[in-house]
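Colleague: Here is what each chain is made of, one letter per residue.
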Amino acid sequence: MIEAISDFWMNRPPALLWGLAGVFTALTLGAIMAAILPRLRPGGDYRNLQLRVNSWWAMAALLSGALLGGWPAMTALFALVSFLALKEFLSLAPTPREDRLLILAAYLTIPVSYAFVAADIYMFYLVFVPVYVFMAVPTAMAMIGQTHDYLPRASVFHFAVVTCVYNLGYVALLMRVPDWEAPQAGPAGLVFMLLLATEGNDVAQYVTGKLFGRRKILPKVSPNKTWEGFLGGWILTAALIVLVGPKLTPFEGVGLWTLAITLPLAGFAGDVTMSAVKRDIGVKDTSAFIPGHGGVLDRADSLVFTAPLFFHLLALFHVQTY
Amino acid sequence: MGWLRLLLLVLIARPLARIIAGADVYGREHLPLKGPAIVVANHNSHVDTLLMLSIFPARALPRVRPAAAADYFLANPVVGWFSRHVIGIVPVERKKGGAGTDVLAPAREALAQGDIVLIYPEGTRGDASDRLQPLKTGVARLAAAFPEAPVIPAWIAGAGRVLPKGETVPVPLNCSVHVGPPLRWSGDKDAFMEEVRAALERLHAQAPPLRWSEAEDT
Chain V
1 MIEAISDFWM NRPPALLWGL AGVFTALTLG AIMAAILPRL RPGGDYRNLQ LRVNSWWAMA
61 ALLSGALLGG WPAMTALFAL VSFLALKEFL SLAPTPREDR LLILAAYLTI PVSYAFVAAD
121 IYMFYLVFVP VYVFMAVPTA MAMIGQTHDY LPRASVFHFA VVTCVYNLGY VALLMRVPDW
181 EAPQAGPAGL VFMLLLATEG NDVAQYVTGK LFGRRKILPK VSPNKTWEGF LGGWILTAAL
241 IVLVGPKLTP FEGVGLWTLA ITLPLAGFAG DVTMSAVKRD IGVKDTSAFI PGHGGVLDRA
301 DSLVFTAPLF FHLLALFHVQ TY
Chain L
1 MGWLRLLLLV LIARPLARII AGADVYGREH LPLKGPAIVV ANHNSHVDTL LMLSIFPARA
61 LPRVRPAAAA DYFLANPVVG WFSRHVIGIV PVERKKGGAG TDVLAPAREA LAQGDIVLIY
121 PEGTRGDASD RLQPLKTGVA RLAAAFPEAP VIPAWIAGAG RVLPKGETVP VPLNCSVHVG
181 PPLRWSGDKD AFMEEVRAAL ERLHAQAPPL RWSEAEDT
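Chains V and L are the protein sequences, given in the same order. Throughout the first sequence, residue numbering follows the numbering used here, covering 1 to 322 in sequence. Throughout the second sequence, residue numbering follows the numbering used here, covering 1 to 218 in sequence.
Possibly wrong hints are sitting among the right ones.
As the list claims (entries may be wrong) - Chain V is faced by these chain L residues, among others (derived, beta-carbon under 7 Å): (1) D24; (2) G27; (3) V171.
Think of the hints as simulated: they come from the structure by calculation, not from any bench. Computed from a prediction, not measured in an experiment: that's the story for all the values here. In this text, a Cβ means the ideal position worked out from N, Cα and C, and glycines have one as well.
Go ahead and model the full structure; you've got the sequences and the hints to work with.
Modeller: In structure tokens:
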């Protein structure tokens with residue numbers, strides 16, 4: 001029993017274990033800060049901070065479990081994340097009553113898309129949502145016989161499925177990269193790097209924005225975002241990728257620098273795109289599912305854009321399988 | 001039987017409600033944990049009851065009793081058994097009103113026992129148009145009979161999209177439940193009903209917008 005447990009840990013890539021240890025150390029520091037801040041500066045409202053920190057623990061525990069558990073765990077976890085995100089999106093989007101069964105059908109893209117991940121059929125994954133779901137949805141709508149607002153309605157479905165199912169699914173797909181293609185820390189190292197850089201970028205943008213933010217970058221879409229936060233996040237995240245990337249992933253040279261420069265931009269783009277959608281719909285958060293953070297889609301908005309970019313740069317520069 | 005109901009509600013109804021309706025609850029602190037208390041909510045779907053039963057903490061659940069139409073829920077023995085013993089309904093004999101029968105007797109009895117009675121004062125499910133239908137005054141009569149019982153308003157947003165009246169297949173979509181501060185029986189039926197309606201409309205205004213429209217008015 002004890003041997004089995006120690007074998008399990010010995011067989012995990014050391015770089016990944018160090019990375020996870022780093023994340024949990026940071027979370028512990030965060031929890032200590034959240035506990036002592038109210039005593040240092042009494043009077044402020046720290047309930048939200050504590051909720052946020054607690055939710056980070058829960059999310060880190062779930063993701064670490066999936067990273068250590070391998071591709072089946074990660075596929076199951078992200079199928080669930082896709083379901084929750086798609087449910088949030090379709091709940092907020094303008095969808096007429098006639099499209100009820102179409103909404104139900106949109107959920108069916110999740111098992112199909114993730115089945116291609118599980119079966120490791122990259123080619124099918126690649127075209128299923130963007131090509132075939134793209135054709136099926138408007139066809140089904142035409143069959144129902146409703147032509148009112150036809151194009152906007154079809155677009156809502158396509159936007160929802162591509163962002164919540166297809167783009168997020170790339171995280172699970174990364175776990176299918178063969179071990180020999182990523183000898184540094186295996187496929188889990190790839191996913192860990194993606195998540196660390198994406199969430200790190202969110203945090204770095206927020207912190208540098210709070211500290212130095214002066215000039216608004218997109219006042220019409222996201223009034224709290226500043227140029228200082230955007231640039232601070234970009235520089236810090238790029239530095240993180242250049243420093244940590246080679247330890248966890250096969251990224252090096254031109255590939256590494258391309259990733260370092262473009263990933264923070266993609267994260268920012270995902271964030272403001274989802275903000276624009278929320279502004280259009282008239283809500284602040286996509287739901288209250290994650291205490292202190294809002295909805296699943298609020299938390300995963302940057303990942304929606306960074307996950308495919310990370311995968312494609314990896315495939316382009318360093319992996320022969322794809 | 002009580003333990004079976006609690007198990008089914010906590011282990012099956014609650015996760016099911018989270019998955020298909022994922023309710024965000026606002027104003028949870030206003031939910032009554034002991035009776036006698038009356039909860040009034042808008043009604044568009046069978047999902048309403050599932051949601052309401054899923055947001056109470058387990059220790060309050062044995063006390064929560066949804067008022068439901070006897071002519072609908074007790075018409076068939078299987079549904080009737082399920083309604084009585086799992087949902088824990090308080091039957092309301094809608095059709096016997098005015099015939100000299102006290103249709104609210106079971107609800108009064110429940111309140112006298114210290115239960116939390118959940119009432120949909122619209123009387124029946126609305127058409128999911130997200131508008132509050134005219135309210136029946138039974139809730140005022142109950143409040144008058146138990147003036148010490150708080151009346152807690154709750155607005156359920158989105159359940160009518162998950163499973164509208166007349167449909168059989170539920171579609172997973174997020175709902176939210178907005179619970180307001182308790183009202184007290186004021187001594188006047190019309191004024192009290194107006195207070196209930198105003199409280200429900202206030203909660204309605206807090207709910208996120210529902211973009212669920214008939215094709216004609218999109």
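Colleague: Does the structure break any of the earlier hints, and which numbers would those be?
Modeller: 2
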